[in-house]
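Quick one: dock chain against chain with the hints and give me the complex.
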Amino acid sequence: MGLVMPLSVCTFSGFFKSFTSPIHVLIPCSEVTSVICGTLHSVDQYLNIKLTDISVTDPEKYPHMLSVKNCFIRGSVVRYVQLPADEVDTQLLQDAARKEALQQKQ
Amino acid sequence: MILLHYYSCCGTLKGFDQTINLILDESHERVFSSSQGVEQVVLGLYIVRGDNVAVIGEIDEETDSALDLGNIRAEPLNSVAH
Numbered sequence: 001m002g003l004v005m006p007l008s009v010c011t012f013s014g015f016f017k018s019f020t021s022p023i024h025v026l027i028p029c030s031e032v033t034s035v036i037c038g039t040l041h042s043v044d045q046y047l048n049i050k051l052t053d054i055s056v057t058d059p060e061k062y063p064h065m066l067s068v069k070n071c072f073i074r075g076s077v078v079r080y081v082q083l084p085a086d087e088v089d090t091q092l093l094q095d096a097a098r099k100e101a102l103q104q105k106q
Numbered sequence: 001m002i003l004l005h006y007y008s009c010c011g012t013l014k015g016f017d018q019t020i021n022l023i024l025d026e027s028h029e030r031v032f033s034s035s036q037g038v039e040q041v042v043l044g045l046y047i048v049r050g051d052n053v054a055v056i057g058e059i060d061e062e063t064d065s066a067l068d069l070g071n072i073r074a075e076p077l078n079s080v081a082h
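Listed in order, the protein sequences are those of chains Z and V. First residue of the first sequence? That's 1 in the UniProt record's numbering, and the numbers climb one at a time after it. First residue of the second sequence? That's 1 in the UniProt record's numbering, and the numbers climb one at a time after it.
If you are wondering where the hints come from, they were derived from the structure by calculation, not from laboratory data. No false leads were slipped in.
Listed next, the in silico DMTMM-like pairs over lysine to aspartate or glutamate satisfying Cα-Cα at most 20 Å (straight line): (1) Z:Lys50 - V:Glu58; (2) V:Lys14 - V:Glu26; (3) Z:Lys105 - Z:Asp95; (4) Z:Lys69 - V:Asp60; (5) Z:Lys69 - V:Glu58; (6) Z:Lys50 - V:Asp60; (7) V:Lys14 - V:Glu61; (8) V:Lys14 - V:Asp51; (9) Z:Lys99 - Z:Asp89; (10) Z:Lys69 - V:Glu61; (11) V:Lys14 - V:Glu58; (12) Z:Lys69 - Z:Asp53; (13) V:Lys14 - V:Asp60; (14) Z:Lys69 - V:Glu62; (15) Z:Lys50 - V:Asp17; (16) V:Lys14 - V:Asp25; (17) Z:Lys50 - V:Asp51.
For reference, chain V alone in the conformation it holds in the complex (with noise of 0.2 Å):
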């Protein structure tokens, strides 16, 4: 089982197309913002455009969770410009 991260979202990644649409499970949206890092679960079954998306990473499972996400602070991220 692959776990999938673009831009702020994390899942479970079911399908793509050849344009990066995608079909994402569990998704959940990891919120930086400068004061706290907050985890919340966005929608259970996501299909996202491919226009929206810029960057697809595998999360290796041991460094994620040894991450203290309560600590990470950092700046939102923008919006996919093309």
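Next comes chain Z alone, as it looks inside the complex (with noise of 0.2 Å):
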């Protein structure tokens, strides 16, 4: 399985910039939450998400998705964002966040 990461780790979106091609998972909140896999086109400062190629892990249950193949995803909506473990430096990232932390309190 993929890392799952909190969105709340991404303090920037320089880190995110640097996945435009794997393909991962995302989850909107919701009480009934959907899980909807795609690759990624691109994200802004909100954390807004572009992804081509989308597919619902679960159809039967959510066929709003059926005839969209690439989808805008409003950043506040987003719970978890799962990305290929192997594609993630989790040591560079803690570091490059704790970097921006410090810099954040000066």
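As structure tokens, then:
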């Protein structure tokens, strides 16, 4: 399984920009959570996400997206983004996040 | 012409801004229920506040016309929570 990280860890969209090719899973926040898989196209400063080549992991439960191939997801509704573990260097990410936290304090 | 759909509405996206407020033309709502799949016209022109938008998806017209809406059963979507 891929690495699951709450998005509060990603305090900079630059991190996401390095992921423009691999496939990852996205779970919009709602009582009935639905999981959208796709290839990351782009991310912006609000962590809004554009995905191409969508597939919904449970198409019987969620037929709403059957005819959608590309989508834009508002950052505020995303609960988790699941990334392939081998694409993430957690040590590097931790160091970078700590540096940024330090910079913000100053 | 792009058909876009958020949570339960389909329409043509005419405009948007940074907070994802949307201008949606020819919008019709796809009401899903466990007993039947119904489509109804809600409003010709909608202005939607960005807070209520979860996902904007581009509808592939080919796949969409192939869908048999009368046979799709699903639970209704919940409202947006942040």
